[in-house]
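Enquirer: Chains A and B, in that order, give the protein sequences.
In case it helps, my numbering puts the first sequence at residues 1396 to 1682.
In case it helps, my numbering puts the second sequence at residues 827 to 1147.
Simulated from the structure, these hints should not be mistaken for lab results.
Check before you lean on any hint, since a few could be wrong.
Claimed, not checked - The following label-pair restraints were derived from C-beta to C-beta distances:
1. A1493/A with S908/B: 41 to 51 angstroms
2. A997/B with I1481/A: 39 to 49 angstroms
3. I1594/A with L1000/B: 28 to 38 angstroms
4. I1594/A with Y907/B: 46 to 56 angstroms
5. H919/B with E1446/A: 42 to 52 angstroms
6. G1539/A with G952/B: 17 to 27 angstroms
7. R951/B with G1599/A: 45 to 55 angstroms
8. Y907/B with P1447/A: 52 to 62 angstroms
9. L1449/A with R1051/B: 29 to 39 angstroms
10. L868/B with P1447/A: 28 to 38 angstroms
11. G952/B with G1599/A: 49 to 59 angstroms
12. R1462/A with G952/B: 42 to 52 angstroms
13. K1063/B with Q1406/A: 31 to 41 angstroms
Even glycine gets a Cβ: it sits at the ideal position worked out from N, Cα and C.
Here are the chains, one letter per residue:
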Amino acid sequence: MTEPKKLTTIQAIILFIALILTLFPIFWIVMTAIKPPTDWNASPAIWIPSEPTLVNFMTLFDPDAIRAYGVGGVSQAATSAVIGSIIASVTATIFSVAIGLFSAIGISRYAKNSKWTPLVILSGRMFLPAAIAVPFVIIFSNIGLTDTYTGLIAIYVAITLPFSTWMLKSFVDDLPREIEEAAMIDGRSRLMAHITVTIPLIKGGLFATTMFIFILNWSEFLFALVLSYSNINTIPVQLAKYVTATAGTLYGVQAALAVLAMLPLIVVGYYIQSHLARGMTFGAIKQ
Amino acid sequence: MKTEVAPEIQTTMQREVIPATKAHRNKNGRGVSRYMTVPGLLVSLFVLVIPLLVALYMSFTDWSPTRGTLLDANLIGFENYSELLFWDNRFLHAVVRTLLISGTCLVLEFSLGLGLAVLFLREFRGKSVLFSAFLTPMMVLPVVVGYIFWMLFQSNGPVNQLLEIMFGAEAAVLWFRSPSHAVAAVIITEVWHWTPLFFLILLSGLKSIPENPVRAAIILGASPRQVFWRVVMPMLKPVIIVAFIIRAMEVIKLFDEVFMLTRGGPGSSTETISLYIYKLAFNDFQLAYAAAAAFLVLIGSLTLIHLMLLPVRDRLLEGNR
């Protein structure tokens, strides 16, 4: 494009309004998370808490903490949900990226002419999760995988594999294959050439992909909802349960859980923001 | 950015220097490396294809969990499908509603994202900080987004408070009691969540447009508006199509946000296809019927996406620009 011009006043105002609209919901949830119970559902709503407190966050791990404010305790601590989310997302991310890395190198280097391999893997994204959840629940209940982390992780790997494969493929595509051929001339096998040359050269991309897949796994809701009964739990499911079980009487505690859920993703997201488009578009859009 | 020697030169060099070395022999990918895609395909097979086949079989039966195993179920042919297509108003409404919500969201997200992206072609202070700020929504979990907006749209929540300040006490709305307002709440939520994706994609698309055609058009006396519509937009077209396909694939599945916001209510006025299938299967336990609905949707959405994909399929598969 031509040389950038300055913003006009009107454009600056538009930008400012857009910024406020973008950040207001996040401001609101953070403020709610530090409100004492008296401010939770006040009418008219209270924007800035009268006495900011961390009691909502403490209640997540100690259901009785909120009693100091004369509010009945929460029925269930969120500890199991936090641990469950960490177990499921981290494990599934490792598997998804590992398998995706193999597929990515395979597709980029050896399947240039085969269009169906990448499409089979990509097709996983086109199904309605609500639709494949039905057969999953049936199959899993027959082989004893419902309500287990193994089952949940297997599904997470399956649904994030298209993203990890395609995002990593776009990084491998950026490497000239002559680099690997040079290593092979030095006497290394193809596989060793990939391990010693390809993978180290895309480690930035590998890191971004890992973080991106973590975001997806951490956010997953539907499968965790239909596959968890009593043994397993994740933060999104817990958040949904809080809302139903208490019919909106525990705003602050729910908000605290929501903040806890989104905080790691915002940190990770900023870190890999230049790769987000690549991940979301399966590597088709680079930045 | 690529530091690549022209490929033809490279290959010629190698052909001369190393005829029939191991590397050369393996050119077609013999050895272990050839099977590198197998784990990925196996996962896709066991975790996607097989469940889908089970669901397909199930959709031709009258099975429900109270009738023993799936093998005990009666085959009833296309009965589920004809029921869905010709008699099930709730399903048809869910389909139309999902398409309307998806279409509205795509148009709004695209317009807002494009507007924002164009502003970001200008120079201003704090641009990189603002860029990060504008991306924040897409990093928030869908469930949390749904929950946040559920709070914002409470009858005594901040949205109503602002409406009252601006337009008087009558402007406050019971967002989750009236069907049209509930749909609006869903759309607003979804637009807030995903406009940043369009912004991000379109901005990178705009930045990658070569300078020369734009310069040439300006020199030839084109107005800024003409430059934008006649020169920039055509070059941006593949990027726009990719963005639309990616978002269409996701928005058609709309579930998490609606589940948190309205649970499909009031009545079934915000019930998307995903939510309807979820309720059929996991609240009413009509699993066979839900599977049939899922397949109809799958066929429909694959057709839609395929049609959208046609003009850019090769580009998406290559992953190169």
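Enquirer: None of the hints should be skipped; say for each whether it holds.
Expert: Hint-by-hint comparison with the structure:
1. For A1493/A paired with S908/B, a C-beta distance near 45 angstroms keeps the hint of 41 to 51 angstroms intact.
2. At about 44 angstroms, the CB distance of A997/B to I1481/A agrees with the hint of 39 to 49 angstroms.
3. A hinted range of 28 to 38 angstroms for the beta carbons of I1594/A and L1000/B is inconsistent with their spacing of about 56 angstroms.
4. Range check, I1594/A to Y907/B: Cβ separation about 48 angstroms, and the 46 to 56 angstroms hint holds.
5. For the hinted restraint 42 to 52 angstroms between H919/B and E1446/A, the CB-CB distance of approximately 48 angstroms keeps it satisfied.
6. For the hinted restraint 17 to 27 angstroms between G1539/A and G952/B, the CB-CB distance of approximately 55 angstroms leaves it violated.
7. Range check, R951/B to G1599/A: Cβ separation about 29 angstroms, and the 45 to 55 angstroms hint is violated.
8. Between Y907/B and P1447/A, the C-beta spacing of about 57 angstroms keeps the proposed range 52 to 62 angstroms intact.
9. Take L1449/A and R1051/B: their Cβ atoms lie about 54 angstroms apart, and the range 29 to 39 angstroms is violated.
10. Between L868/B and P1447/A the Cβ separation comes to about 52 angstroms, which falls outside the hinted range of 28 to 38 angstroms.
11. At roughly 26 angstroms, the beta carbons of G952/B and G1599/A sit outside the given window of 49 to 59 angstroms.
12. At roughly 45 angstroms, the beta carbons of R1462/A and G952/B sit within the given window of 42 to 52 angstroms.
13. Separation of K1063/B from Q1406/A is about 25 angstroms and departs from the stated range, judged on CB atoms against 31 to 41 angstroms.
Hints 3, 6, 7, 9, 10, 11, 13 from the list above are not met by this structure, while the remaining hints are.
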